[in-house]
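Student: Mind the numbering: the sequence shown is residues 87 to 161 in our numbering, read in order.
Bear in mind the hints are in silico, worked out from the structure with no lab data behind them. No residue lacks a Cβ here, since even glycine has one placed at the ideal position from N, Cα and C. Be a bit skeptical, because a hint or two may be false.
Listed next, the in silico BS3-like pairs over lysine-lysine satisfying Cα-Cα at most 25 Å (straight line) [unchecked claim]:
id : residue 1 : residue 2
1  : Lys-144   : Lys-124
2  : Lys-124   : Lys-110
3  : Lys-134   : Lys-144
4  : Lys-144   : Lys-110
5  : Lys-110   : Lys-134
6  : Lys-124   : Lys-134
Now the in silico label distances, taken between C-beta atoms and shown as ranges [said to hold, decoys possible]:
id : residue 1 : residue 2 : range
7  : Ile-156   : Arg-122   : 28 to 34 Å
8  : Ile-156   : Glu-133   : 30 to 36 Å
9  : Leu-106   : Leu-135   : 16 to 22 Å
10 : Asp-128   : Tyr-159   : 32 to 38 Å
11 : Asp-130   : Glu-103   : 31 to 37 Å
12 : Val-149   : Ala-93    : 15 to 21 Å
13 : Ala-93    : Gln-120   : 24 to 30 Å
14 : Thr-95    : Arg-122   : 37 to 43 Å
15 : Glu-97    : Phe-126   : 19 to 25 Å
16 : Leu-154   : Lys-124   : 27 to 33 Å
17 : Leu-154   : Cys-119   : 31 to 37 Å
18 : Pro-138   : Tyr-100   : 27 to 33 Å
19 : Glu-133   : Tyr-159   : 36 to 42 Å
20 : Leu-106   : Asp-130   : 40 to 46 Å
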Amino acid sequence: MEPYLRAVTAEDLYDQELLLIAEKMDDLQRLVCQLREKGFSDEDISEKLNVPLYRIQKRLNLVEADLLQILQYTT
87 MEPYLRAVTA EDLYDQELLL IAEKMDDLQR LVCQLREKGF SDEDISEKLN
137 VPLYRIQKRL NLVEADLLQI LQYTT
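From just these sequences and the hints, can you work out the full model?
Tutor: Quick look at the structure:
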């Protein structure tokens with residue numbers, strides 16, 4: 087039996103991109119949690135990342151909401 091081959095579509099690439107975004111968001115959230123566990127304050131974390139932490143969290147929340155909405159329409 088021959089293996090099934092199909093062309094990679096734009097939807098496949100889009101799905102891969104969504105997966106990468108979700109993984110990067112998860113990595114960033116994990117980093118913030120680890121820094122907090124090590125005793126860093128939100129101000130210290132903001133200084134290390136050179137961005138106010140509330141802005142990072144706001145962006146993460148917006149991206150997460152967008153991803154959930156996209157997944158709702160694609161499944």
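Student: Given a hinted range of 27 to 33 Å, is it respected by the beta-carbon distance of Pro-138 and Tyr-100?
Tutor: Roughly 31 Å apart at Cβ, these two residues keep to the hinted range, so it holds.
Student: Confirm or reject the claim that Thr-95 and Arg-122 have a C-beta distance inside 37 to 43 Å.
Tutor: holds, 41 Å
Student: Can you confirm whether the C-alpha distance between Lys-144 and Lys-124 stays at or below 25 Å?
Tutor: Holds, because 23 Å separates the two Cα atoms, which is no more than 25 Å.
Student: Given the hinted pair Lys-134 and Lys-144, is their Cα-Cα distance within 25 Å?
Tutor: With Cα atoms ~18 Å apart, Lys-134 and Lys-144 stay inside 25 Å; holds.
Student: Confirm or reject the claim that Leu-154 and Lys-124 have a C-beta distance inside 27 to 33 Å.
Tutor: holds, 30 Å
Student: Taking 16 to 22 Å as the stated bounds, is the beta-carbon spacing between Leu-106 and Leu-135 within them?
Tutor: holds, 20 Å
Student: Does the Cβ distance between Asp-130 and Glu-103 fall inside 31 to 37 Å?
Tutor: holds, 32 Å
Student: Verify the CB-CB distance for Glu-97 and Phe-126 against the hinted window 19 to 25 Å.
Tutor: violated, 40 Å
Student: Does the Cβ-Cβ separation between Asp-128 and Tyr-159 fall within 32 to 38 Å?
Tutor: With Cβ atoms ~35 Å apart, the hint holds.
Student: Does the Cβ pair Ala-93, Gln-120 satisfy 24 to 30 Å?
Tutor: violated, 41 Å
Student: Cβ-Cβ distance between Ile-156 and Glu-133: within 30 to 36 Å?
Tutor: holds, 33 Å
Student: What's the verdict on Lys-144 and Lys-110, does the C-alpha distance respect the 25 Å limit or exceed it?
Tutor: Within the cut-off at roughly 15 Å; holds.
Of the hints listed earlier, those the structure fails to meet are numbers 12, 13, 15, 17 and 20, in rising order.
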